[in-house]
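Visitor: Sequence:
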Amino acid sequence: MASTFRSIWFETLRQKWPVFLIVITVFILGHVAGCTGVDKMQPEQIQQLNLELDSFFQQACMLEIDTPRAIRDVLYSNVTLILLIYLLGLTVIGIPVLLIIIFIRGFALGFTVMYLAREQSTQGIILTLAAIFPQNILLVPALLIAGMASLSFALLLIRRFNNSKVLVWPKFVIYSWLMFLVLFCMAGAGVIEVYLTPLLVKFAANYAL
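All you need for the working numbering is the position in the sequence shown, starting with 1, plus 1.
These aren't lab readings, by the way, just hints derived from the structure by calculation. Certain hints may be false.
Stated by the list, open to error - DEER-style ranges, computed between Cβ atoms:
# : residue 1 : residue 2 : range
1 : R160      : T26       : 18 to 28 Å
2 : Q43       : W178      : 44 to 54 Å
3 : W178      : V93       : 17 to 27 Å
4 : R119      : A71       : 21 to 31 Å
As the structure is a computational prediction, the values presented were derived from the model and not from experiment. For every residue, glycine included, the Cβ atom is placed at its ideal position computed from N, Cα and C.
Given these sequences and hints, build the entire structure.
Guide: Structure (structure tokens):
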């Protein structure tokens, strides 16, 4: 089973490597833009963020989460994002929007990581590991896979417009199943974010204090 999955993966990578390259490049560009965005912040903006983060550290030890509401909100957000990406893949005009979404997610992650690591020093690194890293182990790969699948199917539709012999239905079934699996990964990321991340954040806050 493992060898079969690996062979399918490498064959897909060989055929779709331009799509992989585009999505990963856009995400990395967003990440880099987010990192450099920290340098462009005004001193008063940085000071305000530092004050808010210090306040968060003071309150994090007593942080209480409304778990049912939190898991509902996180799952809703993640599922909505993947459904949007899925629908964008069904249209040609959705390609720019898809790439913008990937860029923005990379920007947000890059900005957050750079700000915490640079402005908060050791505290920021600990908080980054506690608050960002756990769920992003699943979230980022799932997002990239969803983006690659969506862009690949949209490009297939373009080919279909130019060549009526191009088969769409088999690829649509595969595309839909893949996005369904991505939903499970995003749900897993949501569970981690709600149940594990708050515990790690409390630990990080206790260490920082």
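Visitor: Confirm or reject each hint.
Guide: Hint-by-hint comparison with the structure:
no., hint, result
1, R160 to T26: 18 to 28 Å, "holds (22 Å)"
2, Q43 to W178: 44 to 54 Å, "holds (48 Å)"
3, W178 to V93: 17 to 27 Å, "holds (22 Å)"
4, R119 to A71: 21 to 31 Å, "holds (29 Å)"
When each numbered hint is compared with the structure, no violation occurs for any of them.
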